Amino acid sequence: MCSYNSAEYVGKAIECIQAQTYTDWELIISDDTSKDNSTEVITPYLKDKRIKLHVQEKNLGYVKNKNWALRQATGELVTQLDSDDLCPPDRIEKQANVFINNPEIKICGSDFQAIGVDDKPLNVIEFDSYSEDYKEDFLVTELQLKYPFWFPGLMWRRELFDEFGYFSEYFNGIYGDDHYWTFKVNHKYPIYFLKDCLYYYRINPGSITNVLDDERKLIAQDIVAELHRLITETGTDWLQQGKEDEAKAFEQQLFNNKPLMAKRYRMWAAKAVDKKNWTQASSLLKKHFSYSKTDAEGYRTLLYFLRSKYLSK
Numbered sequence: 001m002c003s004y005n006s007a008e009y010v011g012k013a014i015e016c017i018q019a020q021t022y023t024d025w026e027l028i029i030s031d032d033t034s035k036d037n038s039t040e041v042i043t044p045y046l047k048d049k050r051i052k053l054h055v056q057e058k059n060l061g062y063v064k065n066k067n068w069a070l071r072q073a074t075g076e077l078v079t080q081l082d083s084d085d086l087c088p089p090d091r092i093e094k095q096a097n098v099f100i101n102n103p104e105i106k107i108c109g110s111d112f113q114a115i116g117v118d119d120k121p122l123n124v125i126e127f128d129s130y131s132e133d134y135k136e137d138f139l140v141t142e143l144q145l146k147y148p149f150w151f152p153g154l155m156w157r158r159e160l161f162d163e164f165g166y167f168s169e170y171f172n173g174i175y176g177d178d179h180y181w182t183f184k185v186n187h188k189y190p191i192y193f194l195k196d197c198l199y200y201y202r203i204n205p206g207s208i209t210n211v212l213d214d215e216r217k218l219i220a221q222d223i224v225a226e227l228h229r230l231i232t233e234t235g236t237d238w239l240q241q242g243k244e245d246e247a248k249a250f251e252q253q254l255f256n257n258k259p260l261m262a263k264r265y266r267m268w269a270a271k272a273v274d275k276k277n278w279t280q281a282s283s284l285l286k287k288h289f290s291y292s293k294t295d296a297e298g299y300r301t302l303l304y305f306l307r308s309k310y311l312s313k
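Just so you know, we're using the numbering used here here: the sequence shown kicks off at 1 and counts up by one.
Note that these hints are calculated values from the structure, not bench results.
None of these values were measured; they are calculated from a predicted model.
It is possible that part of the hints are untrue.
[What the hints assert, rightly or not] With a cut-off of at most 25 Å between alpha-carbon atoms, the simulated DSS-like pairs for lysine-lysine come out as follows: (1) K188 with K243; (2) K120 with K195; (3) K12 with K94; (4) K47 with K35; (5) K217 with K188; (6) K309 with K287.
My request is simple: use the sequences and hints to build the entire structure.
Structure follows, in structure tokens:
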């Protein structure tokens with residue numbers, strides 16, 4: 001569990017692990033120099049000897065912090081729970097049973113549900129393509145841009161780190177590291193998918209996927225899509241080949257693509273409106289229109305901004 005400024009939610013996250021029907025677990029929490037009182041919230045839970053807290057001396061960023069925590073794992077099976085997410089009490093038991101009953105399986109995911117800050121289920125347009133009423137478990141054998149599971153909800157045999165390494169620090173500061181790592185594994189091994197909903201992903205305005213603190217986040221999904229294409233078509237990619245300069249050159253091509261950047265600035269402007277961050281929304285809309293003055297979607301987002309700021313009470 002990676003902790004960073006999640007004092008509001010981290011206690012609930014820890015408690016849902018303590019409530020697991022499968023009790024032979026260890027919980028390694030790595031706090032990446034939170035500026036709130038996250039560590040104060042976590043400390044009382046350390047009475048449970050299965051829970052360990054480490055506070056980094058300096059901020060590492062999400063990927064480096066996650067890799068540090070994963071390297072401390074001693075169990076045969078490894079999984080994650082983000083510090084603002086939740087899971088039902090039978091999550092670990094059901095996933096562990098997949099490996100017990102199927103020795104050949106290396107990695108396992110499950111159905112998931114988006115929840116709000118109040119823990120209640122949400123219907124989120126972004127996840128419409130994920131939502132199905134799964135009738136049975138199945139194997140995922142092909143690389144996908146939209147997998148049916150949420151990546152932190154994956155469980156895998158720790159031996160996969162020996163074969164595929166940890167999460168690529170190329171993604172530090174943005175996101176997509178877990179999607180890319182899953183590509184590499186899934187290119188060789190099928191992923192066992194449990195039809196049961198075993199992970200609750202919180203739509204949190206302060207999460208890494210909702211805070212635009214790095215311009216590369218604008219193109220993160222496009223980087224992942226290109227890596228998907230490369231692995232699917234050639235069996236490898238720039239990062240596996242140690243050619244980060246080619247990946248950076250591709251990023252620059254994306255930044256130079258005016259229609260794409262207009263679309264990405266508009267999308268992030270809409271997120272800023274959702275969070276009522278009017279200053280950021282205004283700035284992003286200005287950048288959108290600097291790339292495209294004729295995009296109808298941009299004017300719809302501008303109208304959404306104006307209505308939300310001046311008419312909503």
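How the hints compare with the structure:
no.: 1; hint: K188 with K243; verdict: holds, 22 Å
no.: 2; hint: K120 with K195; verdict: holds, 20 Å
no.: 3; hint: K12 with K94; verdict: holds, 21 Å
no.: 4; hint: K47 with K35; verdict: holds, 23 Å
no.: 5; hint: K217 with K188; verdict: violated, 28 Å
no.: 6; hint: K309 with K287; verdict: holds, 19 Å
Of the numbered hints listed earlier, the single one contradicted by the structure is hint 5.
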